[in-house]
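Which chain is which? The protein sequence lines are A and B, in order.
To convert, note that position 77 of the first sequence is 77 in my numbering; the numbers rise steadily by one, no gaps.
Just add 257 to wherever you are in the second sequence, counting from 1, and you've got my numbering.
FYI, nobody ran anything at the bench for these hints, they're computed from the structure.
Some clues are possibly wrong.
If you anchor each label on the Cβ, the simulated ranges turn out as follows [said to hold, decoys possible]: (1) B:Phe267 - A:Ala112: 57 to 67 Å; (2) A:His23 - B:Ser337: 24 to 34 Å; (3) B:Tyr500 - A:Glu115: 25 to 35 Å; (4) A:Glu79 - B:Tyr345: 34 to 44 Å.
From the derived model, a few chain A residues whose C-beta atoms are all more than 10 Å from chain B [what the hints assert, rightly or not]: (5) Pro8; (6) Gly71; (7) Arg217; (8) Ile218; (9) Ser232; (10) Ser237.
Here the structure is a predicted model, which is why all the values come from computation and not from measurement.
Ideal placement from N, C-alpha and C gives every residue a C-beta, glycine not left out.
Below are the chains, spelled out letter by letter.
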Amino acid sequence: MNGGSAVPGIEIANVSKRYGNAHAVLESIDLIVAKQEFVTLIGPSGCGKSTILKLIAGLVVPTSGAIRVDGMTPQNARETISFVFQDATLLPWRTVKQNIGLGLELERVASARLEIEIASLLELVGLKNVAKSYPRELSGGMRMRVSIARALATSPRLMLLDEPFAALDEMSRDRLNEEILRLRSEQNWTAVFVTHSVAEAVFLSDRIVVLAPNPGRIHAEFRVELPAARTSAVRNSEEFNTIVARVSRSLRETLRK
Amino acid sequence: MTVLNALAVFAALVVLWQIILWVFRVPPFMLPSPWAVLRAVGARFPSLLNSLAITAEESAGGLVASIVFGVLVALVFAQSRWVRNMLYPYTLLLQTVPIIAVAPLILMWVGAGIPAVTLIALIISVSPIIANTTQGLISVDENFVHLFLMHDASRMQLLFKLRLPHAVPSLFVGIRIASGLAVIGAITGELFAGSSRVGEGGLGYSILYASSQLQTDYLFALVLAATVLGFSFLFLVMFLEWYFLHRWHESARAPEAEA
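Kindly generate the complete structure, drawing on both the sequences and the hints.
Rendered as structure tokens:
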């Protein structure tokens, strides 16, 4: 890329994935994500967006090709990766606090440190007053906050977000989008984000990758040249709408065949 | 309201019972009057209570043994589909074996008395616990498993922090069914292996004895006691279910939810 010696955040080289003898889910994917870059994958259903995230996480093994995260195999890089799932995926029998602490607990962090970490995370995502509530007592937006807090608890260098806000109303979604940008600017992780919403993709990303289905492949890429410090006002700017229009057009092309 | 309605139905049934006695002139050894049953309860209260206590002990023992054994088996079943396919048919065997046919064997192996009856209660009540707990252990959403894998969770962590807590609501469904079966199992068991001493045994034993003596009023009293025992077990289990699950699980928020 820029010829520097730095190892990219993620390197996906000629990766294909098929399940059994079925048709390919992904075909020859090449994608490099720079450290601290925010890349969004967007595309119609069946284009393999979620599969790419699972490949990066090492939860799925590619049929051919290679994946490197920070120069390591996904399995070895795992402790630096956090995954945020589409539904909040909170353990219903645990309180908010206990859910946020899950990752640290599984990694056997001492309980004194655990308490401190959880307290600061509750502060960070604004959940202090529901710390002892159970997931079913929370709204969808609140649950997603818990899920994000849990992902941040293990201080990831890479965040993989699989349509995290798909089930939320637009208000909560916009608010959480701003929250994500704030957290990222404070913590400088790399992010790969999957969504169906073009506006969300443009608002969040440095770069948008449009995928086409059957088999899943990269159709187009867009660099989002908006100011780094994005506020909700950006959503009304002309540049914003121009990019949204271009990405939307590209998305429609993927369905034309 | 539910309780009042149920009591009203009960009162109506008692009245109907009395009417049947008057209209058809049924002899008391075939169908005693409600009043005679009540009198029998009063007259032989100590021995009734004694029988009830014996059966309660056997049922409770059988149920607890069922839970322990059933959960252990389910934990084995949850390990792999291969193990399940291989062993599951044998739990069906437990469910379908005619207990009346094996009771003499159990009697021969364990001897008459409380241990034999407890064993029979266990055999009759264990399969719903195995089936429901296994289902709960293996029906964990894939995303949860992925979440745990992202943190390099060990097999033990997956089991104790994910699968087992996830299975608790299903386990309670199993226990609820098993609680009734354990009482039935204990009474059935007592018909064969009720007592090592003449004249003293649980409800099943006493039912057999009362019927042989044509003490139909006392027989009814015993049946009533058996029903009370079954209900108590069910309510106890439902209370425990509510106690452990109401904070986080939808199904257990209020036991009287059907009202």
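Review point. Far enough from chain B: is every CB of that chain over 10 Å from the CB of isoleucine 218 of chain A?
Key: holds (24 Å)
Exercise for review: Can you let me know if the beta-carbon spacing of tyrosine 500 of chain B and glutamate 115 of chain A is within 25 to 35 Å?
Suggested key: holds (27 Å)
Exercise for review: Hey, is serine 232 of chain A genuinely clear of chain B, shortest beta carbon separation above 10 Å?
Suggested key: Correct as stated: the minimum Cβ-Cβ distance to chain B is 30 Å, above 10 Å.
Exercise for review: Indicate whether the distance between the beta carbons of phenylalanine 267 of chain B and alanine 112 of chain A respects the range 57 to 67 Å.
Suggested key: holds (59 Å)
**Study point:** Reported absence of serine 237 of chain A from the contact zone with chain B (all CB gaps over 10 Å)
**Key:** holds (36 Å)
Review point. Going by Cβ atoms, does arginine 217 of chain A stay more than 10 Å from chain B at every point?
Key: Given that every Cβ of chain B is farther than 10 Å from that of arginine 217 of chain A, nearest at about 24 Å, it holds.
Practice item. Go ahead and decide if the range 34 to 44 Å is satisfied by the Cβ distance of glutamate 79 of chain A to tyrosine 345 of chain B. Key: holds (38 Å)
Review point. Glycine 71 of chain A: least C-beta distance to chain B exceeds 10 Å?
Key: holds (19 Å)
Exercise for review: Take a look at whether the Cβ-Cβ distance between histidine 23 of chain A and serine 337 of chain B falls inside 24 to 34 Å.
Suggested key: holds (29 Å)
Practice item. Quick one: work out the minimum CB distance from proline 8 of chain A to chain B and report holds if it exceeds 10 Å, violated otherwise. Key: holds (21 Å)
The earlier numbered hints are all upheld by this structure, with none contradicted.
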